[in-house]
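FYI, my numbering numbers position 281 of the sequence shown as 281, with every residue one higher than the one before it.
Source of the hints: derived by calculation from the structure; they are not laboratory data. It cannot be assumed that every hint is accurate.
No more than 25 Å apart at the CA atoms, straight line, and that leaves these computed lysine-lysine pairs for DSS-like [claimed, not checked]:
(1) Lys120 - Lys490
(2) Lys532 - Lys585
(3) Lys568 - Lys584
(4) Lys532 - Lys568
(5) Lys585 - Lys568
(6) Lys418 - Lys490
(7) Lys424 - Lys414
(8) Lys418 - Lys443
(9) Lys422 - Lys455
(10) Lys457 - Lys443
(11) Lys532 - Lys424
Here are the simulated distance ranges between beta carbons [claimed, not checked]:
(12) Ser24 - Ser276: 34 to 42 Å
(13) Leu389 - Thr314: 16 to 24 Å
(14) Pro23 - Gly163: 58 to 66 Å
(15) Gly417 - Gly340: 54 to 62 Å
Computed from a prediction, not measured in an experiment: that's the story for all the values here. Ideal Cβ placement from N, Cα and C applies to all residues, glycine included.
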Amino acid sequence: MHYVCTLILATGIIAGVSAQDGPSEVQAQLDSLLREQAVRHTLIGASFSLLDIQQPQVYLSHFGYSSLSSAKAVDSQTLFKIGSCTKTMTAMAVMQLVERGAVRLDIPITDYLPELQFRKPAGMADITIHHLLCHTSGLRSEIENGSFTSKRKENCYASDLQGDTLLVPPGHIWSYSNLGYGLLGCLIERLSGLSYGDYLRANLFEPAGMLHTRLFEELQTSEQLLQGYWADSSVYVEPGLRDLAAGDVVSTISDMNRFMEIFLRGGRINGHQILSPESLEMMMQNQVAGTALSTSDEYGYGLFVLNMETVSDTIIGPLAAHKGDTRVFHSAFLVAPRIGLATAVLTNSEHGDAITNSMMLAGMEYYLKHQKGIDISATTYDGFCPEALVYSPLTNTQVVGEYDLGVGGMVRVKATGKKRLKWKTDFKSPSVILNQVEAGLYKVKVVLFKVLPIKVKSLRIFFEEVDGQVYLKQMSEGDCSVDYTGKLRKRLYSGNAWESHVGDYEVLNLEPGVALMVPVAIRTYHGMVYLKVRDTISTVTQELTFEPVSDSLAVHNFVGRGIGDYIKVLDNGNLYYSGFEIRKKQ
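With the hints as extra help, turn the sequences into a complete structure.
This is the structure:
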């Protein structure tokens, strides 16, 4: 994933600091960087670390408060929720079990969790441990109902997926899935005979010296409950997470340093070999290059695989990283094993995600230039990233039609000339003119006020055909990330049964805790089913689009996170969506 690459270009070179700064000057500069970014984005509390294993000093910077009411300042032992950074720890635990011969990467998850029986098309391959580790399983992103809950079921929820419908073949696309990592947590419990938290404590936290790190669900007293903050400084105490292995760990900046050190020292720390160098290398290798749908995301096992796309990449080597985002806690870490450098950021504020990447990279850019003489400001290419610009030589006739955006509607692409297309969305937005560069690749103009064409030189639109399906993609200049904008509709269903389901809905089986996006209404338009969901905290609503494939099933065609979601008509006439049973209001 290239979320790091885009931000490093924006940090710029830190001016006014002489080469070969001493430890005190380095610390002062890092403190200043954190303070500036935290103040700019109105954060309440944050911690930053930079670890160079070739140097005796670990650089730690702190800002603000862990609790405003008690004026308790953030320090190296302040606990933060680290969200999806938990996934790296889960992957490490699975690889330990692989090394011990308890599990194989190429074996289906159902061999280990036999109660997990899916409903799937004939001939579809089984989901293996490898697929779950690298987010290519085809599973939905999550089951929304009950995902945030203060009560976790005593048994793994794998049995809840009995008969769940699989729509996306394993290995077809990289698509981030909390649900998949939740199942890996079930796997760890089943094979080890320990709870997920006890396994991590015995096999990772204690041997690595991560003495403050634990699961959020293990915080027992009110003093330990973590306070996060909305942008207006009001307190929000988040509930726990059902899918523990996907994002329930809490940690400190000092403990995160110890965790990152495992990657820098070949898996060995405190006299304990946590994982072999070979297994660590597998975790940090791109495992998704062979997916049917090409992607700019590179993901190993529990880690995004990165490069900075600078002239210094051959010196720095590949990077591995992960982010973690909850409602008000945001975190990230990054390791560069070849040069023995690592960095992390933890925050407790709604807008903390605005600094996690930029702070790590501003700190690294400063440190590399002024301590190691490595300049990472110059990119290796100008314009559009060539290796990610993958498209098919399709004619205008082959690409015209309606493209399902997945969220918010459709794009309609029409031919207005031999080498010219026009696209229009359902929104009140300007028309877009696409001028062909070559078959399948287009430059972009936006037509303002219906008469004023403006060239968008920084954007390219292109089309890719995979297994007879056409996809609309886009790329921004100076960035190797590619976004799948939509999928060409084929309209395989011609019935009108979904018209009878139009209306407002109520949830009949709301799980305890906090449901983020609750379904509230359904409408149809141009043969599509639009499901309105409402955030129960912010009350913000959005519409998800589903393509009917029969009288009783409509599938979410978004290409990316959320792929594989569906609405199903139940035997009693109610509807199912993401764990919710919903009934039309009378």
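Q: Identify every previously stated hint that the structure contradicts and give their numbers, smallest first.
A: none
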